[in-house]
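Listed here are the chains, written in short residue letters.
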Amino acid sequence: MTVSAVPAFAGTTWIPFAGTLPIMQSWGNLATDTNNNSSLAEAKISYVGGDYKMNLRVYDIDVKPEKQVSGTYTDADDGTTAKFNLDASSKGHKVQLRGQTANWTIVRVEYSGSFRADS
Amino acid sequence: MIIETRKLLKNNMTYICLCMLLLIVGLAVWSGVGIFQTELDVMKRVNGEFPDAVALVSPHQSWVGFSEAFFSSFYYFIFPLVVALPVVDTLYRERTSGNVNYQLVRMKQRTYYLQKFVFSFLVSFTLFLFPLLAGMLLANILTGTWLFTDFTAAYDKLVRGTAVFGDSTSLGHKKELFSDLLRQSPYLYALAYYLIGGLYAGAYSCFGLAASFFIRNRYLVLFSPLCLYLGCWLIFTLLQLLAWDPFNLLDPRQPVLGLKYVPFVVDFCVIMLLSVFLYTWGVKKNRDLLA
Numbered sequence: 026m027t028v029s030a031v032p033a034f035a036g037t038t039w040i041p042f043a044g045t046l047p048i049m050q051s052w053g054n055l056a057t058d059t060n061n062n063s064s065l066a067e068a069k070i071s072y073v074g075g076d077y078k079m080n081l082r083v084y085d086i087d088v089k090p091e092k093q094v095s096g097t098y099t100d101a102d103d104g105t106t107a108k109f110n111l112d113a114s115s116k117g118h119k120v121q122l123r124g125q126t127a128n129w130t131i132v133r134v135e136y137s138g139s140f141r142a143d144s
Numbered sequence: 159m160i161i162e163t164r165k166l167l168k169n170n171m172t173y174i175c176l177c178m179l180l181l182i183v184g185l186a187v188w189s190g191v192g193i194f195q196t197e198l199d200v201m202k203r204v205n206g207e208f209p210d211a212v213a214l215v216s217p218h219q220s221w222v223g224f225s226e227a228f229f230s231s232f233y234y235f236i237f238p239l240v241v242a243l244p245v246v247d248t249l250y251r252e253r254t255s256g257n258v259n260y261q262l263v264r265m266k267q268r269t270y271y272l273q274k275f276v277f278s279f280l281v282s283f284t285l286f287l288f289p290l291l292a293g294m295l296l297a298n299i300l301t302g303t304w305l306f307t308d309f310t311a312a313y314d315k316l317v318r319g320t321a322v323f324g325d326s327t328s329l330g331h332k333k334e335l336f337s338d339l340l341r342q343s344p345y346l347y348a349l350a351y352y353l354i355g356g357l358y359a360g361a362y363s364c365f366g367l368a369a370s371f372f373i374r375n376r377y378l379v380l381f382s383p384l385c386l387y388l389g390c391w392l393i394f395t396l397l398q399l400l401a402w403d404p405f406n407l408l409d410p411r412q413p414v415l416g417l418k419y420v421p422f423v424v425d426f427c428v429i430m431l432l433s434v435f436l437y438t439w440g441v442k443k444n445r446d447l448l449a
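Chains as they are written, first to last, in my numbering: chain A, 26 to 144; chain B, 159 to 449.
Wrong hints could be hidden among the right ones.
Unchecked claim - Here chain B is said to cover these stretches of chain A; the calculated rule only asks that three of the stretch's residues, wherever they fall, bring their Cβ under 8 Å from a Cβ of chain B: (1) 54–62; (2) 70–83; (3) 120–128.
Honestly, the hints are just simulated from the structure, not real lab data. Here the structure is a predicted model, which means the values were calculated and not measured. For glycine and all other residues, C-beta sits at the position ideal for the given N, C-alpha and C.
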């Protein structure tokens, strides 16, 4: 019973993430989840260091080359909840939330939050 | 001014710098258009049934300063050096070559130094602005878009809160500063940022020109505008005063929190006042040149 319940709820559980964003606006991997249905993916940003903002996107990492499957949420900061419509082609695939600082910076900006591929 | 213009046009550095800026702009636009097209393709696939969301992904986002392309940010990183190179060491060269003695026989000291100051400001202003306008033209040719009525209509709805989106990714397009200009046209918004950037470019060059009275090494003179710009970047970053740093202020994407109009004016005035003060001091220091 537990085994059958897992696929039904995978993707809807919040996956916490925290770390530092790469310098000079490179993209960093924040969290990975499985996109099981066509509902919205969500990212709650609890904290972005200082007065920095961050940009967010979702990539399908089960295809080669990895493919952007959502629009870009720009300028997320503390308390932002970003909702992403994901490309239908990513259904059943592992998707990864990626982030970058919104400006060029030499500082590694801290962030924390949580992500789920299905709401 | 005519003599200064002739000197500028005979200086190889002018053309090298212009080509360098145009190359950076070309690369920025090329990558920016690629990023825009990817974003538009994705947006059409995931939010195709929401026209406002699609319209907010607009080709003007591939203009220099508007995209996340490396060279777009690199232009804003390096401009104080490149726009100043043709003019910032003119006083230094004329003083070391002795030409300044000849010039001061021909005209009043005040006229000579004032001309140098104003000319440096205007040249750097133009050198900053021209490649950006060329980039705008190139991006529009590559994307085949000249009018942005769909974008302005969707942006107006976004500001009024009447736009309908499939997800929240379109909300990040809303700007805190110069939003009314963006509602009218991205051209006006870009022009406001580019003109302000040009004023800062002129101010940094004037600072370099003033510093040349006090620095004996030509290379330090050439790098002094960039040193001031990046020095501020470092200090404001360490002090966490991001909204006061010209590097963030001049970025049309408005990439940090707490941006206001006041720092635009205050920072510019401080740099200009510092330059005028150093320049006047330098001129006074060299007043007895012909005595």
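Hints and how they fare:
Judged by the Cβ-Cβ criterion of 8 Å, the stretch 54–62 of chain A is not covered by chain B as claimed, because only 0 of its residues qualify and three are needed. Given as covered by chain B, the stretch 70–83 of chain A passes the check, having 5 residues with a CB less than 8 Å from a CB of that chain where 3 are the minimum. Beta-carbon proximity to chain B at under 8 Å applies to 4 residues in the stretch 120–128 of chain A; the threshold of 3 is reached and the given coverage holds.
The structure fails hint 1 only (numbered hints given earlier).
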